[in-house]
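*Asks:* Using the sequences and the hints, build the whole thing.
For what it's worth, full-length UniProt numbering labels the leading residue of the sequence shown as 1, then goes sequentially.
Calculated from the structure, these hints are not laboratory results.
Quantities reported herein were computed from a predicted structural model and do not represent experimental measurements.
Note that the Cβ used here is the ideal one computed from N, Cα and C, for glycine as well.
One or more hints might be untrue.
Stated by the list, open to error - Okay, the calculated beta carbon distance ranges per label pair:
1) Gly243 x Arg29: 30 to 36 angstroms
2) Glu21 x Val83: 15 to 21 angstroms
3) Asp65 x Asp244: 43 to 49 angstroms
4) Arg178 x Gly222: 33 to 39 angstroms
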Amino acid sequence: MSTLPVIAAVDGSDHSKRALEWALDAARRRSAPLRVVHVRQYAHWAQPEVLAAGPPDPQDDPVLDRVRADLEGLDGLPDTEYVGLEGAPGAVLPEQGASAQLLVLGSRGRGGFASLLLGSNGIAAARDAECPVVVVPRPGRDAQGGTGAGPGSRVVVGLKVDGPDEATLEFAFTEAARRGARLQAVAAYPWPAQPWMTPGELPPPIVDQDVIEDQTRVLAEGFLAPYRERHPGVPVEPVPAAGDAAGHLVAASPGADLVVVGRHRRHLLAPARMLGSVTHAVLLHAASPVAVVPPAPPED
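*Replies:* Laid out in structure tokens, this is it:
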């Protein structure tokens, strides 16, 4: 089992306290150490035109002191280290992912605007970190159209039937197994179909939506089969869904333990790391914690 830590990013806000609780539970489930990280942004980073007096003393961190006091003596506390860093959190936190198996942070930091659904640090970490990133939303976030899906532990994963990502599916199955949860695999397909036609071209025959849905289900079952074999204890429910993938994932998020989505794979025409529109929308609106999983590295 990996000995890499689970990292909780804290800044003293209520958002980061919820992220710390989630990270602590994740570390216990993984039998992994916990690393509590606080990144302090001082004047040199915040305003380049301001002459900075110098970085704060790394031994003097009230935020870490409070967290240490809160966790001290807690039953089942994993091996825990407290790390104070200086710099721009949006740059420093993603770098921490290179030495972690999971990075957990709140949807907004202490300095964010109250109206923001997701802070810049969360976006940067989800986009750039080398490990999976979990963003924990504020409680009571409304998911428009959300209906949930019955009682019991549940993990939701977005499944792209035209190009599923192995790392995303493996993470979702493993997380469901750790939690004794069932897995909902939401496989969206475009509907209504809008074929492109050249002038004078005859329109294609009308396609029955039930046929498209059945084909999507068959494709989903095929992609899920090897993961079912590796995780036989995980009940799996493929969910073909017409239309907007992000909307269906957000609607499934109320009551879920976790929603798992993938990050865009870089390619020649888009070499920069990208979240993708579906992942970004789910991060903004899901009612449950969201895990963003970087793509599996290409095979040599």
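*Asks:* Can you tell me whether the CB distance of Glu21 to Val83 sits inside 15 to 21 angstroms?
*Replies:* holds (18 angstroms)
*Asks:* Given the hint of 30 to 36 angstroms, check if Gly243 and Arg29 actually sit that far apart at their C-beta atoms.
*Replies:* With Cβ atoms ~34 angstroms apart, the hint holds.
*Asks:* Go ahead and decide if the range 33 to 39 angstroms is satisfied by the Cβ distance of Arg178 to Gly222.
*Replies:* Given about 25 angstroms between the Cβ atoms, the range is violated.
*Asks:* Given the hint of 43 to 49 angstroms, is the C-beta distance from Asp65 to Asp244 inside that range or not?
*Replies:* holds (45 angstroms)
Checked against the numbered hints listed earlier, the structure breaks hint 4 alone; every other hint is satisfied.
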